[in-house]
Each structure stands twice: as structure tokens, then as C-alpha cells.
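Student: The chain contents come next:
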Amino acid sequence: MRGIESLREAIRTVPVPGAPARMSLDGAALGMSFLDTSLRLNHVRRLTERITVVEHRAARRTIEVDVNLRMLDEGQRQAAALCHTHMSHERGEGSEQSGPLAEKSTLWVPVARISRQSVAPVDVFDGSGRKLPRLTQYETSRLLASGLYRLLRSVLMSHQDARSETRLNHLLQQNHELRWLIQWGLQTLLTDRSQPESRYERRTPSGVIEGRGADVRRVALEILDENGKYAELLEDYNRLLDIAINEYLLVVALDTESDEHLLTYEAPVRVKVSDHAPNRVARMLRANSRGYHIEYEGRVPASLRSYHLVVDVEDELKIERMYLTTDADRASADRIVEDLETLAELSGKEAGTRDRPTTKLLELETQTTLRHLSELVRRRRWDADQAGFVFDSSRLRAVTDLCWAAVSGEATESAGGQADNSILNHPFVAPEKLGAAAEEVRDARLSDDLSLGNDPTTRRAHVYWRRRDTRDNGGAQITVRAGLILRDTTAAGPGSVFWYALSVAAIAHSVMWFLTKHLWPYSAEGARNLVEISDRDAIIAVLLLVPGLLYTRLTLPDRQSITGHLRAVPRMAAKACIVVMAFMAAALAAGVGGMGLVVIAAITVSLSVVAAIAVGYPEFVAWLARRRHKKRSIEQQLRGMRVPAWVDPGRRADGKSVAPDVIFSWRAS
Amino acid sequence: MTAEPRSRSIRTLSELARSGYNLMRQPFTEVAFEVHHVADRPGRLLELLRDENRQACFLETMSCGANGGGVVVGTRLGDTPGSLWFRDQGSGADPRIQFTDDGGDHHFQGVARPNLTFLYETASRLEGIIALEDQPKAATHLHTVLVKKLIGELSLIASTYGKAPVLSVQCPAQRPIESNVELDPRKMPPSSSLAVRFAIALDRPSVSVRMELASRLAAYCETNGYRMWLSDTRPGHRVGNWFGIRARSDVDERRKKWLTIVDDRIGHVLPVTFVGPARVGSTHAIVSFLQQFDEVGVLGCSITALDDLAFVHLQLALQERAMVSRRFPASLARSDGENPAMHLTGLLTHFFGDAVVVHDEASALKLIDRAGDYQTLAGPVLRYVPVQRERRMAVWVSWQMTRRVEGLVTPIDALMRAWRRLCAENPAWKNELAVDPSIEYLICRDVGNSVLYGKGKLSVPYGLVRMMFPQHSTESPQAQLCVGLEDAWKSQLDSDASGTNVLGVTVAWREYWLGHWSALA
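Protein chains in written order, with our numbering: chain A, -5 to 663; chain B, 53 to 573.
These are calculated hints, taken from the structure and not from any lab test. The beta-carbon is built from N, C-alpha and C at its ideal position, and this holds for glycine as well.
Distance ranges between label pairs, derived from CB positions:
id: 1; chain 1: A; residue 1: Ser158; chain 2: B; residue 2: Thr212; range: 20 to 26 Å
id: 2; chain 1: B; residue 1: Glu234; chain 2: A; residue 2: Pro425; range: 38 to 44 Å
id: 3; chain 1: A; residue 1: Asn448; chain 2: B; residue 2: Asn478; range: 57 to 63 Å
id: 4; chain 1: B; residue 1: Asp412; chain 2: A; residue 2: Arg373; range: 49 to 55 Å
id: 5; chain 1: B; residue 1: Glu234; chain 2: A; residue 2: Arg372; range: 30 to 36 Å
id: 6; chain 1: A; residue 1: Pro425; chain 2: B; residue 2: Gly288; range: 21 to 27 Å
id: 7; chain 1: B; residue 1: Glu477; chain 2: A; residue 2: Arg350; range: 48 to 54 Å
id: 8; chain 1: B; residue 1: Arg102; chain 2: A; residue 2: Arg161; range: 45 to 51 Å
id: 9; chain 1: A; residue 1: Ser109; chain 2: B; residue 2: Val499; range: 29 to 35 Å
id: 10; chain 1: B; residue 1: Lys239; chain 2: A; residue 2: Arg350; range: 23 to 29 Å
id: 11; chain 1: A; residue 1: Pro425; chain 2: B; residue 2: Lys239; range: 35 to 41 Å
id: 12; chain 1: B; residue 1: Val499; chain 2: A; residue 2: Arg622; range: 55 to 61 Å
id: 13; chain 1: B; residue 1: Val410; chain 2: A; residue 2: Arg350; range: 38 to 44 Å
id: 14; chain 1: A; residue 1: Gln168; chain 2: B; residue 2: Pro94; range: 49 to 55 Å
With the hints as constraints, model all of the structure from the sequences given.
Tutor: This is the structure we're talking about:
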């Protein structure tokens, strides 16, 4: 439930009040200023997210905010200073406040917006590690409720009905209960810990009629009806209310002695797991060769200047490759697609007409759209260049032709032999090509940019994104998605298990060889030759102690760790070997002999050999691949990750991509 | 045309929250404004800015002067958004307008409720220029009727087909400058022509919407023989770059169909300003109400939105032969709660007697519906001054400034002093030629972060420029003038104590060169 609909639900469910809600004018102004500042974030120079991957499907997220108080404008500073006095009075602290805040001047500044889905407490620290005072969510919500009520009233007052005998005038000027009901509804909606998710409905029982309270409620609901007379007027207010309802403002007190502040707070990160069991098994078997794929999905304010993502992993791992993609160009790309489709339609109609004003209009719009398209393609091409691979335009034929027509400056020769600069006459510009280009832009997802981390491979990697100076951002937030591949740095791990499994097989085989005096004891003849075992304890000791001793020397990672996930096959192989050896020892201890012992030994040896092959074969294949291609290209590294389609045109054709091992997200799935 | 929900950027939503904050610092959610109807003459704006009787300074301002009349509109009068005022008539009563008649100039001060959801200032827009006639020696009643019809058509197309408001309309306006004008100075257009410059907000700036609106405008121009340009939207172009849509003017051939209108010379103009919450369709409602009165034309107009308030300023041209009175009674200067339809009817009845009859009730009802809460400010009756015979060239200026107590007076005063210094230090200067440039148009807006951006168009006699700056092998006289004036303006600001708050001053004779230094280097 969003915006006005939530407010309507609150109005439906709170009792009609007999007095106005406690709302102050200063509080209302502060609420609006905080909302403005948290949307604008003009004082936030950079946002850094640090993801520390602690184990398989577990991570910590720390957010660093670079704040410069000089970048607050005059009105924002005024509100930030006013908040100090206002909150002192609200808390009953009076003007004689003691403590650190009283000694030096502070500004209360919103530094972030946090989703209300998160219930984790947020502590903000400054650069020296000192915990900063912050407004509680209740205090902030009360300010917002006051501000949003007065804003609603101001918006409705600007309608011409506000001055005539209408229901709106009734609401705004005459019926106090009507206004109080909206006030209480807003305050309840914003200050309560939970928000409504569904509509509570109940049939009117028979024998009752609409009383005064129901009448008041009905008029309030009619005025705030999403399809009603004032819906268009309230459209933007609805969006603002939606943000206030679904997001908390993080407002902290900053010392004005310094303009620059580096703030840190921890935010929850959630795990999305969506794959089925067969996929998990298949991925586990290939984990060591393909690496461990992590994806991170986040959202940052569209007004943010720059964004930095840093990922740290365990000591035994390295980050082979990391990319970041955002949909910051989504609004402009969508518009280009829509405009290309419109132009394709209009060009077909206008074909053959010359020198009419509409042809000139079409010329202007075509040139504008194609130049915007060429700018979009140029940005993607430079993204690829920066990342170190070649932009593949083989599947963007219509797009590249149109871009060339837009920027090459080529003209056609007119009947008089002069240069005709009209782009509509360029041979590349045809209605069908405009339509094809729209599809190509959409299919290749040219709206998604790409930044690639190009640091040396270590256990830490980072990618950087900076906002383009544009007003095209269509929404309140930009979606960022990062992907990375982790690899095991302890190369000896699988090798030691391979040799261990072979050792186990060799020990079991040797024992049987000596007991049967036959090189291949796993036959009926071997069973017949089996000597009488005089000291079974000694043999059992050999079978258990030697493999057990070797097992303890193996470097097997914890099952919950990422290296444990990457080395799942060697880990299981080692365990299988020790289990079958223990089984054989148990058989000997129980006095099993003859054909029974031969069969058990055969199982032990063969399972150990299979375990050695299961561990050794992928390593061998990987070693061969490494020898063949000295180093994997960036395209190869990115292939299989969920990069934008324009990066990997081959994948675009079949539409398949490999699901990551884990998706960390800012919100629950 | 499909009607999809508006895609609002985060910037637009923050503007709504910011507007709310600015208003809530006041006990009543209203915006204070000033409107001055004055006789147009060089230096008049500066006199108003310097007026010591005024307690507040001009910050967000629109000023224009033409045809002998001038208007200055200002909002956000103060150094901070937080200064309080009080009202003594309760919260439900209509705002009261203070009116002063200062020897023929009318000054209005008041408050109005803004439309906070009018978030189009930062939106995409369709801008254009429609030229009715290059430069008539003197406008006639026929011209004013044509302007009135054009503004009506323009606002109709915006509100009906674009569902969007008219952000600004300016008449007279300068025609676009052709690219090769340096080679042939005769091609340089005069500083103002009988042309209408407009900007329509676009909710969804798609090709389909632009084509829908522009093709209807182009068809209207085709029918009437007007020239038309649209702002060049191609990347790498900016405000002041124009793309010709209909280059040929054939007004004379098409004028025949207007012969039923008795052409008459214009003797006087009546400035009228409507102030109210900016909303879609209000301009069209006002102009379409005026369409029914044949005796009234529109000689000039300045329509703009400041601080979510719409200011629709019209210079009404009254047909001389039909007038029964030329005296303006003070009682008609402000509407005092009367709706615009009634007040306009009262005004026109005063000037034309019983000849004026409201016969289009639908347009009256529409005006009450869309702009019934607008306040009407009128008068005085000013003598029409036709375009001067001498050729005048436009000089565009721009600047940025932080919010200061002195407000707009700092950059404008420094600019005028710079002009005088430039003239005085020129070897070819003669004192008998002393004349200040006319400020034909000026706009100053808050662009956020306590920064105001101003832009203006001055006009100076081209002969004077040629005399002061002879043709140079590398620079034209107009380029030399702009370089010199820009340097002198910077110098004046540097020597001024409060001038340090004015930055990025530029002077150019082409609008799209603003924001870049004038010198060739």
C-alpha cells in the first residue's frame, strides 16, 4: 500500500478525534526541510558501501557518508540550527541544556534515508569513532507528520474550489473534525512502527445509518480519492508521502566547528536464495573451476554525486573480477526507445513530402533523438574501453548506422548539385531502421552502464560510479548491481586431498595384497588364498591410524566458509575415504573373512580411487585450460556473470545466465 | 496521445518539499509579491531598485518594458526565506493588496496563495518564437488583435493538447540571429520585433507530445503567414539557439481576411496584471475571455511564474475611436476580492461605456473556474510610444549572485555604471549622445543553494555602437562593445563592497553565448 492509499486506510481506521493533533508550525517547517535535504543530498559528497563477506551467504554492510556542511544552502542551515532549539523544547530539556551539545554549536542534518523494512538499530559514528546523537525515528516522524499535513493543506488551498462553496472549502475552512481526522490519520501513519498493508473492510450491519463520524470520514476519503477530482493535484504530494511512509530519515547532530565529516553506520544486508537443489549440487561440483559468484543489489538516491563500493573477503580468497552496473540512464534510454518508435511511425507518413513545416519539425526531432542515441552509445562504448574490452556492435547494426548518420556530418547531393544536410535524406535513416534501433536499444539494455574494478587481484576490490550531470533521472533512486568472482588462493587444498585418497586406496590394497599373497586380490581366487589372520588388531591399527593421521594433516576448510563451499568436493572426498576405511577396519574387527572381506576391500579401494578422480580431474582440466590460455580475457571472466546484455552479446542471443551463488540485497526478497 | 502518469524526478519532489518549507516559515502559507506598473524609460528599473522607502529588496524578479509601459514583478522579497509577517484580518479572509499611485505609476504589494505542486520550472519545455511582422513603424489595432489571437491559440494548444501550462510568454521579442550576420550587419535583427516568444512546460518531453503541439502551432502559423522558430533541442545547443520551422513571412497576403476589423492607430495602453496560483489553463482562460471584446487588443505581454505564482501581465491596447473615457479611476486599480471576469468587465465598461457587453458567458465561467481566485491589478493608462525609428541592437547580460540584503540593485547598478564608464572612456564619445541602455527584459530566479541566476536584454542604438567601435578586422563593433562592457562590469563589481557576491557576469549580443566570456580568447 502506498502514499495516499495508506493515508486513506489510516483515516478509515482511526476514531474521529475531538481535538486537533499536536503539531507545531516550526516542526512542520523542519519536517519539510529535512525531507527536502534528504531528497536533495546536496551536502553528501560521496557514499561508500563496504561489504565484508564473512562466510558462505553471510556478509556485513557498513556505509560511509562524506558530508560537507558548507554545501548546505542557507535555508537548510537555518532549519538545521532551528532543530536544535526545537528538539530541546520538545524533549523538555529547556534552554539551559548541559552536556556536549550545549558547549558547541551543532546542526541536525539528515544524512541518509533508510528503508522502513529494516528493524535493526542504526548507530552513527564520526571519523574518530565517536557515536553521534541522532533524532529517534519517532521524533523525525512527528516532524514529518506536521510538515506533510500543512503541505497537504497548502496544496489543496491552491485549488480554485478552496474559495467557493464546495466540499474542499468545507474541509479547509469550516469542518474542524474533518481536518483533525486527517491530522490524526497522518500522525498515526507516520509515527506507528507498522504501516497498513491491506485494507480493513467490514460490511455495514443492518439497522444502522450513517452517523456524524461516518459522514466526516466519507468526505475526507472522497477528497483524498486517488481517482477523484483532486487526484491530479495531489499526484506529487502522493509521491512525497510515499517516500516519507516507506523510508526513515537518518538525522544526526554534527559539529559546526568542522565542515567535513565522515560518518559511518552499519546497515543490514539480506540474502536472496532462489535456486533449486539440483542447481546447487551442479554448482557445488563446478565450484572450484568457476569460482564463487556473489551479486550485490542496492539502491542509492538519484541525487547522489558519487558512489563507491568496496568488498572485502576472507584471507584464503581473492577477488578475481568485480563489476558495477547501474540503471542511471534508464529514463533517457526509455525516452530514446519511445522516440525512435514514434519517429519510425511519423517518418513513414511524412515520406515524400518536402519543405513543409511538419517536415522541418520531423527533421529537428530526428536529429535530436539520434544525437541523444549516439551519446548513449558513446557512453557504453567508453565504458567498455575503460573496462578493457571491445564494444561489440555486431548486434547493434541499426543503432550504429543511425549514430553514424547523426554525428558524421554527411550530406546528400540535392538536385542542384548542392549539399543537402537534411538527416531525413540520409540513406541510413529509414523508418524500418528507426524501429529496429528501438528494439536493439531495449534488447541490449544500453540503459545499464558498467564500471569494472581494475585493481590487482587481492582480497579487497572496489568499484566507483559518478553521476552524470543530467536531469534525466526519472525516479527517486538508482538501482546498482555489482557482481564479483571469488577464487581459492590455497592451491594445495584439492591436491592434498587427491594424494590422500590415493594413499587410502594404496593402504587398503596393500593390506589385501599381503593377506592374499596375490597382486589382484579382488577375486574368488584371492578369497581362497586369504591367510589366517593371527593379529587382527595390528591390521586394524594400520588401517585406522595411518589414514587418520594423514586426515588430520589435510587443510579442510570450515563447511560454512566460502572456501569450504569452493572445496566442497575435496572435503566430501576426504570424508568418504576415511569412512570407507573405518568400515573395512570394522569388518576385520568383527572377524569377517573370505569373500566378504574381499568385497569390502574392493569397495574401499574403488571408492577411494573414485574420490581421487573426482578431486583430481577438474583440477587437471583447469590446469590444461590455464596452459592453453595463459590468462582469461575480461570477456571470459564476465561471461556467465549477470552483466548488461550489451557486454555479452552472445548471451543475449539465448538469454541464459548463470545464477550467482548468493545475492546480497538491501531488501528482503 | 497516451496519458501516462508523470515521471517525477527526485529534484522535482525535493522542490515540492522546499516550497513547503519556505511557506511554513510563515504563519500563513502565502507568498508576498510586488507589482509595479510604470512608464517605461531608461533608468526606471534602477530607481525602483534603489527606492529607500521599500523595506525589502528585489530578488526573484521579472521586469520588462515596451511600448511606453513597463512592469516590474518581484517575489521572495528578503535576504532569507524566514522573515515573518503578520496578518490582521484572520486566516480565512482574502489577502489585501496595498496600492500606491506615485505620480502616474501604480505600485501594488500583496500576498497570494501559491500552487505548490506547480513544479514545472525545472521541467522540459517547448520554446519557440512566432514573428508576426518584422518591425512595424507603429503598431495598429489590427496588430494587437492578432497578438491577442495568437496568445489565445498558443495557450489553448498548451492546455488542451499538452495538458501543460504556459510557463512564459513575452511580446515583443527579438527574432533569432542568423549565423552569418557578422559578415552582413544588415541582417542583424532589431532588439525587439512584433513577435511572441513562449515556453510551454512538457510533462513527458517525448517526440509524440512535442510533435503534437509544434505541428498545431506550425499549422496556425502557416494559415496566418507567420514565421516560426523552435528552440534547438539537439545536444550541444542551448537556450537562444533556434531552429527555423517556417522561415517565410507572408502576412501581407493573408492580412486581407482581417480587413473586417477597423484598423486604428493606438494612442494609449492599459497595463493589467493577474496574480494567482500558477495552474494549467489560467492564461488561456484570461485571454479567451478578452477575445470577445473587439475593442481590446493585446499590444504586449509578459507572462511568467515566480515562486509558484502566475503573473499574467498584458498591455491592453484600447481602440481610440471607441473610448468614452481616458481617465483611470483609482477604485479600479485592484480587484479587492472580485473575480477577474467581473473586474475586467468593469474596467472595460468604464473605458467604452455600454458598448462593452459580455456575450460569451462560457468564457466568463471558464475564467472563474480556472482563475477565479486571481487578483487583478490595473492601470495607469499610459501613452503608447511606438518603436523608435533608430535601429537598436540587443545586448544580453547574465550573472549569478548569492542572496544578499542589497538584492538585485548590486549587479544592475554596477552594469549601468559600467556602461557610462565605457562610454566616457571611449575616444569617439560625445556628451550630447549620453543615453542609458533600455532594459527591455530582465528575469532573476532562485536556482537553489541560495544562488540566483539573472538574465536580461538591453537595447542600445546601433549607430552609437558603430560610432564608438569602428569595424575591426577581427571583431565586429557589437563584439567589441560586449567585451568592453563585460570588462567594465566586472571592474565595477570588484570595486563594490557587495559586488563580490555577484559572479559569472557575461555580456553577449547573442543569447546563446551567455555563460561564456565574450572575448575571442
